[in-house]
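Protein sequence lines correspond, in order, to chains A and B. Heads up: the first sequence runs through residues 1 to 329, numbered per the numbering used here. Heads up: the second sequence runs through residues 1 to 329, numbered per the numbering used here.
Just so you know, these hints were derived from the structure itself, not from any lab. Bear in mind that the values here come from a model prediction, so they are computed numbers and not experimental data. Check the hints yourself; a few may be wrong.
All copies of an identical chain are treated as equivalent in the list; a pair is satisfied when it fits inside any one copy or across any two copies.
[As the list claims (entries may be wrong)] Result set (DSBU-like, lysine-lysine): computed pairs, CA atoms no more than 35 Å apart in a straight line: (1) K152 / K11; (2) K93 / K120; (3) K232 / K322; (4) K194 / K152; (5) K288 / K194; (6) K36 / K11; (7) K152 / K288; (8) K41 / K260; (9) K296 / K44; (10) K328 / K260.
There are 2 protein chains.
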Amino acid sequence: MKEIKKSVTMKDVARLAGVGVGTVSRVVNNEKGVKKVTLDKVHKAIKELDYLPDAYARGMKINKTETVALIIPTIWHPFFAEFSFYVENELSKQGYKLLLCNIDGDKKEIEYITMLKQNKVDGIIAITYSPIEDYLTTNIPFVSIDRTYENKHIACVTSDNKAGAQLAAQKLIEKGCREIAFVGSHNSTNNETKNRHLYFEQYLTREGYHCHSFDIEEPFDNFVEQLEVFLKEHPQIDGIFAINDFVALDVIDILEHLGKKVPDDVQVIGYDGIRLANERRYPVSTIKQPLELMAKEAVQMLLSVIDGESYPLQSVLPISFKEGPTTKK
Amino acid sequence: MKEIKKSVTMKDVARLAGVGVGTVSRVVNNEKGVKKVTLDKVHKAIKELDYLPDAYARGMKINKTETVALIIPTIWHPFFAEFSFYVENELSKQGYKLLLCNIDGDKKEIEYITMLKQNKVDGIIAITYSPIEDYLTTNIPFVSIDRTYENKHIACVTSDNKAGAQLAAQKLIEKGCREIAFVGSHNSTNNETKNRHLYFEQYLTREGYHCHSFDIEEPFDNFVEQLEVFLKEHPQIDGIFAINDFVALDVIDILEHLGKKVPDDVQVIGYDGIRLANERRYPVSTIKQPLELMAKEAVQMLLSVIDGESYPLQSVLPISFKEGPTTKK
Chain A
1 MKEIKKSVTM
11 KDVARLAGVG
21 VGTVSRVVNN
31 EKGVKKVTLD
41 KVHKAIKELD
51 YLPDAYARGM
61 KINKTETVAL
71 IIPTIWHPFF
81 AEFSFYVENE
91 LSKQGYKLLL
101 CNIDGDKKEI
111 EYITMLKQNK
121 VDGIIAITYS
131 PIEDYLTTNI
141 PFVSIDRTYE
151 NKHIACVTSD
161 NKAGAQLAAQ
171 KLIEKGCREI
181 AFVGSHNSTN
191 NETKNRHLYF
201 EQYLTREGYH
211 CHSFDIEEPF
221 DNFVEQLEVF
231 LKEHPQIDGI
241 FAINDFVALD
251 VIDILEHLGK
261 KVPDDVQVIG
271 YDGIRLANER
281 RYPVSTIKQP
291 LELMAKEAVQ
301 MLLSVIDGES
311 YPLQSVLPIS
321 FKEGPTTKK
Chain B
1 MKEIKKSVTM
11 KDVARLAGVG
21 VGTVSRVVNN
31 EKGVKKVTLD
41 KVHKAIKELD
51 YLPDAYARGM
61 KINKTETVAL
71 IIPTIWHPFF
81 AEFSFYVENE
91 LSKQGYKLLL
101 CNIDGDKKEI
111 EYITMLKQNK
121 VDGIIAITYS
131 PIEDYLTTNI
141 PFVSIDRTYE
151 NKHIACVTSD
161 NKAGAQLAAQ
171 KLIEKGCREI
181 AFVGSHNSTN
191 NETKNRHLYF
201 EQYLTREGYH
211 CHSFDIEEPF
221 DNFVEQLEVF
231 LKEHPQIDGI
241 FAINDFVALD
251 VIDILEHLGK
261 KVPDDVQVIG
271 YDGIRLANER
281 RYPVSTIKQP
291 LELMAKEAVQ
301 MLLSVIDGES
311 YPLQSVLPIS
321 FKEGPTTKK
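Given these sequences and hints, build the entire structure.
So, in structure tokens, the structure goes:
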């Protein structure tokens, strides 16, 4: 990215071009009546000094960019795609544009944050499972999804992971499962998804069931292979709550490979509520995150931060159960 | 969106504030040494006139925004999500940012184009199946995906629909199908997807097969219901090429509903190569569009247009067959 040079002013341009500041202003504003020879001199000076009038914009509320950046792991994932769809739609209603930033591409979080600070965005909405808070030293308006921050006053939107985990446990018990397992992974950051395991196990225990647990630490090798070993070692398992729908799909593949039928032998519930597209079906029974609501809330919070209004630091939104083909009706 | 008023210049601001143009320039450039009272007068005048120095940017190559807009029907669709992922990644490598515009949200093509003209983007990449060319009266750099334009010099990137249609026909014949059908829809715009029917049927005829055709005109009601009637009326069909993977999924649902097994009774091939995400499987056997290549080509073409370099008006990229669970191995 071309870095904006704050130190270069219209006066510098005028001096180098050998013209008055008013002339530079006329050129900059595309006004008519400037002689070709003068125009060329000013353009040459602008180019030479890398002068950008945009440098003016910083901190002046009058010149908001009306652009918000969305940082996500990858847009090529139905959960992030659905969330982005609703964020863009909501921003668009409010007169804002959306800049898309995929972390799984060539740029990493820190590069994006640096770029966004240098360039003009009014704020950032981010879904990131790495410790991005270290880069958030400046006061750029920021709303985080699925993460909470211990020592920072950062706005955060999540689905109700606790209620979701409890509902998954309740549904598996209701549907007749007796040997129930949690399957997932975790990392060292303080993200909300950890509550899925915690409250699932707590609910089962309270109801008198044992919780079989497969919850490995990231980064990992051979997740699928390790999971297959776990499922082979526990052939009695008849109900599984997976930390997200993609892990649920992995579980289903492994079970089929092991000769088990879903949902007849083993029932599976995921988390997220992914679908290929709006009009498509849920591939797994799932705890659905209210992505439209989460997107609206995130945009609302961010605009409050931008406008200096008060806002809740954390917003927890309600989940629901969606019946797919992997549980018994 | 706040509209940029072209007519307001730094001179107007100076006049209203009762100061010199040089003072306005110093304020605009955040220079030190401007008295508080003067600062306030200038800010007030800027606000009152809605003055934006950005108006200067238009047409001056030196002040490129390094932002490109991507207009797609919806990001919540694996085909558009994958394409967007690769476009953003490629733009990012080239120092450009991506503005995401979903047509299926609240804004329509024309609103986006208007917004993009008013604001600053260096160019537009668009996948749109409505006649957007009517709005493209200005010379904003533009690359279209899957559309060709009769009377306009607009750059276009497509997959090789002709080769894809022929390959689908060839694969169905090779895999033993004898009563083969095309299933899809079309509208009045001149888009490349029409070639999928044309060259599929041509290939079958040349090889001595009849092509059963279900190809209704958009907009339509009850696509699925009409398709079910067609499949009931032609119970002998044992191979189907669907215009895209989503239609293939519809076909599979209807066949299952009619008691037919896929691929045992009927084999189905789609077009696009959709997957939930990069690491996920193909849900249908499919003619895969080379989306990474198409994204790179679209970005390259757009940057050539922006930089005034020569570029090919149409780029046609190679397809491939991906074996999914809906054809016999």
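We went through each hint and held it up to the structure:
1. K152 / K11: neither (40 Å within a copy, 44 Å between copies)
2. K93 / K120: both (20 Å within a copy, 19 Å between copies)
3. K232 / K322: Cα proximity of K232 and K322: in one copy and across copies (28 Å, 32 Å).
4. K194 / K152: Within one copy only: 19 Å inside a chain, 55 Å across chains, cut-off 35 Å.
5. K288 / K194: Intra 17 Å, inter 38 Å, cutoff 35 Å: intra-copy only.
6. K36 / K11: both (20 Å within a copy, 20 Å between copies)
7. K152 / K288: within (28 Å within a copy, 46 Å between copies)
8. K41 / K260: Answer is neither: 78 Å inside a copy and 76 Å across each miss the 35 Å cutoff.
9. K296 / K44: Answer is between: at 33 Å across copies they meet the 35 Å cutoff, but 46 Å inside does not.
10. K328 / K260: For K328 and K260, the Cα distance is within 35 Å both inside one copy (15 Å) and across copies (23 Å).
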